[in-house]
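Novice: Dock chain P against chain S, hints included.
These protein sequence lines map, in sequence, to chains S and P.
Take the first sequence: its position 143, counting from 1, is numbered 143 in this note's numbering, and each next residue is one higher.
Take the second sequence: its position 62, counting from 1, is numbered 217 in this note's numbering, and each next residue is one higher.
Treat the hints with caution; some may be incorrect.
List of simulated lysine to aspartate or glutamate pairs, DMTMM-like, C-alpha gap at most 20 Å [to be verified]: (1) 87(S) to 147(S); (2) 562(P) to 143(S); (3) 132(S) to 508(P); (4) 556(P) to 9(S); (5) 153(S) to 143(S); (6) 228(P) to 238(P); (7) 562(P) to 9(S); (8) 218(P) to 195(P); (9) 556(P) to 13(S); (10) 562(P) to 41(S); (11) 562(P) to 147(S); (12) 102(S) to 41(S); (13) 496(P) to 9(S).
It is worth saying that the hints were derived from the structure and are not from the lab.
Since the structure is predicted, the reported quantities are computational estimates derived from the model, not experimental observations.
Here are the chains, one letter per residue:
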Amino acid sequence: MEIEELYREVILDHYQNPRNYGELNHSSSCSKGVYPFCNAEGENPLCGDSISIQFLIKGDILADIRFRGTGCAISLASASIMTELVKGKTLEEIDSLISRVKSIMEGEKDSTDELGDFQSLEGVRNLPLRVKCVLLAWTVLEEGIKDYRMEVKDV
Amino acid sequence: MYDVYKVREDFPILREMINDKPLVYLDNAATTQKPLTVIEAIQHYYTHYNANIHRSIHSLGAKATDAYEKVRKDTARFINAPDSSCIIFTKGTTESINLISYGWGRRFLKEEDEIIVTLMEHHSNIVPWQILAREKKLTLKFIPLKEDGTLDLETFKGLLTEKTKLVAITYVSNVLGTINPIKEITKLSHNIGAIVLLDGAQSVPSIPTNVQDLDVDFLAFSSHKMLGPTGVGVLYGKRELLEMMDPLLGGGDMIKKVTKESSVWADIPYKFEGGTPNIAGVIGFGKAIEYLNKIGLKDIYEHEKSLVSYTLTRLSSFERIKIYGPIDNESRLNIISFNYKDVHPHDVSTILDQDGIAIRAGHHCAQPLMDYLGVSATCRASFYLYNTKEEIDILIDSLRKVDKVFKNGDRRTL
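So that you can see chain S by itself, here it is in the shape it has in the complex (with noise of 0.2 Å):
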């Protein structure tokens, strides 16, 4: 593989111009009304490279989402491509969005049609140690995703 298929231009503009960076403040999200916002954090152990996202639920829509992070080009571009696919989706879309990711990223046979600038993470797949890179930030939204509806189903 040419290094350049791996670090394709869509994949380095996420990095260097993230989207959706940063924090969720009360004032511009919630205009009517307090939403709770879910807090979710991860790390790669292997490298220490760590995502932290905030995200905002009305109904059953992730309304909006932010993260930040430490790490790689390609992690760091997944997390901002990410944010871009699942804004504005139902909980139940987002759920079949991150399997599907994951069974791209394991090899499984699947197309990347319609995910986006996603496509561009497709060659990541032939490199196993990079594969945890693209899946960090998934894998995070996943336990964040989680503990919101435990706490929902608490109240």
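Specialist: Then chain P, alone, in the frame of chain S:
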């Protein structure tokens, strides 16, 4: 005259191709490659005299025991230990340090005692002391670093008190390459009655070690970082300390007598070598020592120095590269850590890997040091006796590709 090209012929792996390019192996601080003599010695043992040691009356057992015990003597000579019974074989530096923590620390340290380590320690010389400190309510103190990546000895003097029982310190930082002034530290520590444990994992492979001259109480190091196989480590200790220590593992080969009620430990070093050891590994390690003796550590040390100074000069032409650790060549051994502005070490390593270059990217099991440097990871190139200037030129050319791939772009995250 040191002939690096002749040395290279002894290492079969150096002829491997990685991603269609010749392997450029610059990850020697993680583990080193093995000369053919080491590989063959292990095969020879299994082919011709495989038997358990210290137990069997038969000829094969005697031959295996002799070979194993000869390596103990060679190891003692290699670090100028007064006596080969002060050499204990473990599975690595980590186990050697844990053996001191369990066998000495757990028995002799008590509440409010203090242990001093440095901010540049590998996790294996931090975590065992954290475990012990929690269990025994001890205090763990860290010697800070100065701007140039060397130890702040003035602050160290202030940390030493009558409560200090142990100073556990690395000879060479596995991240910065800093060579620490061990004799001075040992003297200061002994003056207040503390003992000194030296982590020699990075130093013993390259710096001639004389434990009697350094006067350290313990020295821990690993075979695999000095051309030997993995799974073999060494703990050297002063006789009186080893004799009063408890064993870490109870079992076969470490006892004089066992009844239903109790057991009497064997003498040192056998007291600490419970269970069948890594016989083939130790025999391979013996060949590694023989090889290093043949080439000569002094020449190896000089060769590494010239590689480091050449690399530092070439790296200094990169505007976007920041180098960590001592700039002066005298305080640095064979390790260079650096970072590319706004490019993560893993990405740098992936790009270099496409050119067959193996460097390490990560926290190097030294997260307290990473926190101090304000980074989550670094790139690390580390050299050994078989590396060449031509390989460094390949590294430099490949690093130029990082600029190209990332288009010299800054990250905008505000």
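Novice: Hints the structure violates: just list their numbers, smallest first.
Specialist: Hints 2, 10 and 11 are the ones this structure does not satisfy, whereas the remaining hints hold.
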